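Both chains come to you apart, so use the hints to assemble them.
So the protein sequences, as listed, match chains H and S. With the first letter of the first sequence counted as 1, position 63 gets the number 63 in UniProt numbering; the numbers rise by one all the way through. With the first letter of the second sequence counted as 1, position 68 gets the number 68 in UniProt numbering; the numbers rise by one all the way through.
Rather than coming from a laboratory, the hints here were simulated on the basis of the structure. Some hints could be false.
[Claimed, not checked] Simulated pairs of lysine-lysine, BS3-like, Cα-Cα distance not exceeding 30 Å:
{"#": "1", "chain 1": "H", "residue 1": "Lys133", "chain 2": "S", "residue 2": "Lys20"}
{"#": "2", "chain 1": "H", "residue 1": "Lys128", "chain 2": "S", "residue 2": "Lys20"}
{"#": "3", "chain 1": "S", "residue 1": "Lys86", "chain 2": "H", "residue 2": "Lys131"}
In this text, all values refer to a predicted model and were calculated from it rather than measured experimentally.
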Amino acid sequence: MQAIQAQNLVKRYGSVLAVDDVSFSVAPGEIFGFLGPNGAGKSTTQRMLTGVIAPDAGDIQIFGYDLLRCPNPAKQLMGIVPEMANVYVDLSAWNNLMFMGELYGIGKKTRISRAARLLEQFNLLEKKDLKAKGFSKGMKQRLLICMAMMNDPQTLFLDEPTSGLDVQSTHLIRNLLREFNARGQTIFLTTHNIEEANQLCDRVAIINRGRVVAIDRPQNLKLTLQSLQSLEVAFSSPLQSMDILYSVEAVNEVKKTGDKFRLYTNQPARAILSVVDLARRHNLEILSINTLGPSLEDVFLRLTGGQEKRGAHNASC
Amino acid sequence: MQAVSQSATTGLRRSLAVAKKNAMIYYLKPPVLIFGVLFPVFMFLAFAVGRDVPRQSLAPGLIAMTILFTASSVGPMIAPWERKAKTYERLLSAPLSILQLVLGDILAGFIYGLVISLVPLLLGILILGAHIEYPLLYAAGLILSAFCFAALGALMAALPTDEPSMVMMLSNLVRIPLLFISGVFIPINQMPVWGQKLAMLSPLSYTSDLMRLALGHGSLWGGYLNFAALLFFIAVFLQAAVFFHRRGIVRVF
Ligand SMILES: Nc1ncnc2c1ncn2[C@@H]1O[C@H](COP(=O)(O)OP(=O)(O)O)[C@@H](O)[C@H]1O
Ligand SMILES: [Mg+2]
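Excised from the complex, chain S in its bound form (with noise of 0.2 Å):
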């Protein structure tokens, strides 16, 4: 049991070294900056300006989208900008899992998710007049959804290509449909019932009704269900991104 823990902890501290290295070298390029920054920004203002709905029901919505964006943007530049530098085989020769490899890439992610999805939430208050009903609620949705987006963007970044701008656009084909299906622009229980059902699929749906719950705007779903839907999408993502990048080194060297 010692020994089990042991290795976990020394697992983590690897994990959380790559992140590190992925935090210094990743968050300013410039692709991570224009599609985790700036992209949401510009999407929400497309959709926002000049809708006859009450400004603050835009804030969750907003923050949803942020969230995606920014924590699945740092992820898919990484395993194929490393390939491209020929650092990667030098990360593959270390004394780390696969697991703990994408860990740290996810781990990168999930922070920057975190960080940048305070500026939505500052302009939502301060702009939007929107306010945290549940801070508990909004800490753990927020939480749960970027490691779940940061994994996706893990998951990406395994198409075995050196070319970092093949992943991006993998990346957008992914990210741009799942913000209209997932009740940002419009809460789901608004939708049609066919439309409901498509945004049951998609990871970014609970995120939002997670956000509208949070800020006091009511809820399709409920917590827990919602909970329940992010967990399981991180377990899927996080084995899906292990398979797929063990896969990849195969075909890479």
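Just chain H, same shape as in the assembly (with noise of 0.2 Å):
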């Protein structure tokens, strides 16, 4: 049994066709992360997951439980941090997680000893009788997080929950989210942050447009795009022309960033010694080389139509 099963979903917003038949399953204990750009369709995909808004098509199962037919018993298993979602600032910390409890219908005694481990171990058991009104947004967003684990859910969702936190915030969270997974939860994360889907998640779904345009691990998404290596040099003094680093042996194509070459090629050793070699012909010296891996971010611009991006990119240059 899956933990997530999406299949065929459909969102439309008047003419905007906000999801566009989106199929994927996630696994008990995994980490998923379904990552995009902004206005690609992930919020109102995990909306739909959460049971928020209806889709136009498609079906959700979440543990076997069909959530469009019948939401309470899958809802029961999640926990949820929407986008941009918020405590209620006029209440405790305390009096949010109690709040919650009732609404999942967890008993007292278990109410009250999970708030209390949830807020020590979120750094905020000694704010939880203050009004959540004087939190700091990282504060608000960790408080936001113990609120969804208040049921101790099977499945956690969460909607860019790092977006825009200070870095101990950050830390903080993606650590805790790794301890939960391994203690069994299976993990929904929504980001258009790649280095967080790199960092924690097993597979990731890219998407653009409201179209799943690959789903594989991390290291597969790269490894499918070897070509996608690639050198960065710079040299001491101004190239007459670009046009010379075509001639690197093994270069696919070549980009000026700053006042560094991005060479990109699949043979990264033998481009290296090519590109010495072209440096000493010219008179050129070479400051600084360095070998790149293929990034997610790179993976990420090819996936989801990365070359009109980058045409429009040159173009404002």
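Put into structure tokens, the structure is as follows:
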């Protein structure tokens, strides 16, 4: 049985096709990343998966429960941190958690011990009786995750949980997500942060304009795009023409980034030798040379139609 | 059968959790205090002072008006406020139906209405010399009326906006005209025939008629008809509130 099974989800807003035939499944115990640029349809997908809005078409099963036909048993298994959500700022941290516990029908004893443990884990225990009004953004976000954990969910859904947060909160949240996952919790993580997906996720779905473009392990997504390995070279003096760099062996593409050049290649070692040779022939001094593995960012741009974007970027320079 | 009754109590418990949260957050919000507590007092003073009527006959209208304003002042705040404060989506993803959620909002207004309407009752007894002739009738009328107006408040909150002031304005546009057609200031049986017909459209008319009956001033329509009418309005407001809240979700998200 899958933790999450989404089949052919479709959601339209007027003429905007926000989610266009999205299917995927998440195994129990997985951290599944849902990665895409702004407006890709990530939040709309999460809202359908968590029963906030109904899809125009498609099916959703959560641990075998049919979310659309019989939502409550499925919802009972979920912990949810919606996009840009907030805690109740007029309530204390403690009362926020008590309310969540009551809403999910958690007995009083469990409610109290669980709330105390979560506040401790998320470094909020000393602040438990303060109204959340005075909390920093990071503290509110941590409290929001505590709220999502009050029903001890099988699956945690988080929509951009670290977006715009300070470094400490981000770090704490990521570590705790790993810890929850190590104890068996499935995590559905929506993000536009490639590094976050790379660090945390077992598998990543890449979504653009409402469509899933690829689903794979972060490492595999990188491997499928071997040719996106690159050399980053800086010379001491400007080049007369970038064209000479195309004569470097095994180079597919050249890009100028600031005062450096990025040479895309699937054979970095061969390309290095060739660059050194080229520099000697043209009397150029090499200031630095680095080999770069394919970043998920490159993968992401390539898969989500980055060609167009790159073109637009060049035009504006 | 067991399963049905069990899930009904589970549902009620979750509605109560929502109502408790609402009470903690919204009872003391300034718009609720102003329109739910101060406004009916001022309205009443404005109409009662200097008029040549027996003082104790003012009590039923005062009480009816207070029930309307207090019970319906909490509901309009909640959903718009939560949309604005970004807590609404979290609520919608919890394991409770729209009906249970709306019931939680209604219960909060209902309890507020019950409690605050003790004030005009005490004022009526202590200052205006009123007394309750039929306590059970009074209690039943109070309960049905407070629930009815709380449902009206929850219905208005379905306006898909995240501006609480918009809904407060709408609610006053609805409530203030009701005051003038519902026998609050002039008993319905003293109205002209067209006025009596108009009064039949307002749920507040049945409350003020019941309150007059319970305080021993006689009644135009009698207890049964008043109760039936209030139950009818409750059913309509509840259905409509659930329908429009559900529809509003699509517009908000
Ligand atoms: N309530 C709504 N009404 C109209 N359009 C919407 C609504 N919600 C989302 N959209 C549109 O659907 C698309 C996907 O949005 P969203 O799911 O929020 O993207 P993401 O979370 O990936 O940034 C966008 O084009 C957005 O403008
Ligand atoms: Mg989003």
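* Are lysine 128/H and lysine 20/S close enough, with their CA atoms no more than 30 Å apart? -> Satisfied, since the Cα-Cα distance of roughly 19 Å is no more than 30 Å.
* Given pair status - lysine 20/S, lysine 133/H, alpha carbons within 30 Å -> This hinted pair holds, its Cα atoms lying about 19 Å apart.
* lysine 86/S and lysine 131/H: Cα distance at most 30 Å? -> 16 Å, holds
Hint compliance for this structure: every hint is met.
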